[in-house]
Amino acid sequence: MNTPDFSEPFDAAIDSGLEWLSENGEFVFDTLNTGLSGIYKAVLWCIAFPPYYVIALIIGLIGWRVIGSRFAILAGLALGLCALIGLWPETVSTLALVITATVLALVVAIPLGVLAGLAPAFDRVVDPCLDLVQTMPPYIYLLPAIALLGYGPATALLATFIVAVPPALRLTSLGIRMTPREFIELGDASGVTGWQMFFKIRLPFAMPSIMAGVNQSLMMAFGMVVIAGIVGSGGLGESIYGAVRTLDIAKSINAAIAIVILTMILDRLAQAAARSRVGEGQ
Amino acid sequence: MTLTDIRFSPGEFLAPVVDWLNANMHGLFVAISRVVEAVLGFVESALLAPHPYVLIGIVVVAAYFVAQVRVAIFAGLMLAFCLFSGLWVASMQTIALVAVAVLISVAIAFPLGVLAARVKRVDDAFLPILNIMQTVPPWVYLIPAVMLFSLGRVPAIIATIVYGIPPMLRLTTLAFKQLPKDLLELGQASGASPRDILFKIELPTAAPTLLVGLNQCILMSLAMVVLAGLVGAGGLGAEVTRGLSRMEMGLGLRAGLAIVAVALLLDRLSRGALQRHSPSKLV
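Here the protein sequences line up with chains A and B, keeping their order. Just so you know, the first sequence maps onto residues 593 to 874 in the working numbering. Just so you know, the second sequence maps onto residues 725 to 1007 in the working numbering.
Because the hints were derived from the structure by calculation, they are not lab data. Using N, Cα and C, we set each Cβ at its ideal position, and we do this for glycine too. A couple of the hints might just be wrong.
Here are the computed distance ranges between Cβ atoms for each label pair [stated by the list, open to error]: (1) B:Arg970 / A:Lys633: 28 to 38 Å; (2) A:Lys633 / B:Ala773: 51 to 61 Å; (3) A:Phe619 / B:Lys901: 38 to 48 Å.
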């Protein structure tokens, strides 16, 4: 096709730009890389240290507390199945990645969401950015991450972080904005301080929405962590990727089963936690 | 440590089943592959046949009529980006995949959604299945498709179709459940036939919610098609994968930006159509 295109100068510019970045920003990216993989390793160590039945038991207990005995037994057995299949190390590292990325995303998203809920001007700036982030297919967030951090868990964490921030931020800001007018006026009339207004009136009303955001962020993070197997994050994503590439049917079925089990357990737990919080809030 | 020595692998049991399917139902899978390839090939060649400038012109004019001027200009810019970034063919392959997948998803999801809205028991049966389908990460959809149809565009499109069904089905059900009762009664009272009620009352009233479903279905399909570049589906996803695996960041980023352009194009077009259909701006 003889249409003009800018691919060659573009590629050259990107290459030299990345070279410049990695030469001059080496320190920053190295620190980021070490920091992220350090956190990941610490979380992984905590989960991978005890044998599988201890973890299955703990998750079963949590399930029993928040959902019920039937779910607890099923969850424990299902996790046991992950171990029996022989994918326990992968399951654990997937879990560690999801937990780390979700916690990091929430630490950033919830305060920003509160800010966006309180300051409409900030919300108008953030909203289009979130739209953009959520419109793009998650797969492409791996590109900048891999260009700057190279292969490994830090890249997976960064990409997962980007995907997990928007839902929590959105729903937090929505929740804060939804405080009924009467209650704000009631607070003003009874002369509460700004802090009391926030913690005693706005936050309890926003809680259901925030918890829904946490659940969505968790599920987005899970989907992304599996995709991130491509960039050598380890875990179930990588074993699925390898198995699909080599058409190893048995192994890919096993990995898929483990992923589905983990997804269901996390989703049910997060949903139930959200619901019980709602009960407390009202 | 006897406990860790016990191994149980469901995959070992299921693999022979898949092998058997591949050996004995080979004809069926080949037939499906042929049909899908033929439809895809047709859409793709239709998109690639005119000169890119002509196609961009057609899209801009169509966007002007479906939506409004701003959407039309935006669509032109996005397509021009795909062209000038040297990824025209890959972009068109991606768009063809998404278009075919969305058409089939809608064709499956729409009747099922209407059925679920009418019959409560069907709705109850669908709900847990849809919940599971929407929780499972997209990667998992590719595995059975790859096992039965090996690598290429066919497994990609099948996984995409399945992935695109839940949002459309959900919102179709919602759209038909939310219909105001008085409008339906008005139709019945004025003696309209069930067909007339469906096409003249129900569809127009449900249109905004249906278009939201279509928008979601399109965006999810695009995400899946891009991901399917990993299993040899071609298109922009394959370019990203190539960029990632060869560490050619320029190519990867260009393809990434082209994906963004395609995503924005499809999103704005379907949203533009939506705003036309809902004067009260429901979204």
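Each hint, compared with the structure:
For the pair Arg970 (chain B) and Lys633 (chain A), the supplied restraint of 28 to 38 Å holds, since their beta-carbon distance comes to about 29 Å. Between Lys633 (chain A) and Ala773 (chain B) the beta carbons are some 54 Å apart, a value that agrees with the proposed interval 51 to 61 Å. Here the CB-CB span from Phe619 (chain A) to Lys901 (chain B) is close to 57 Å, at odds with the stated 38 to 48 Å.
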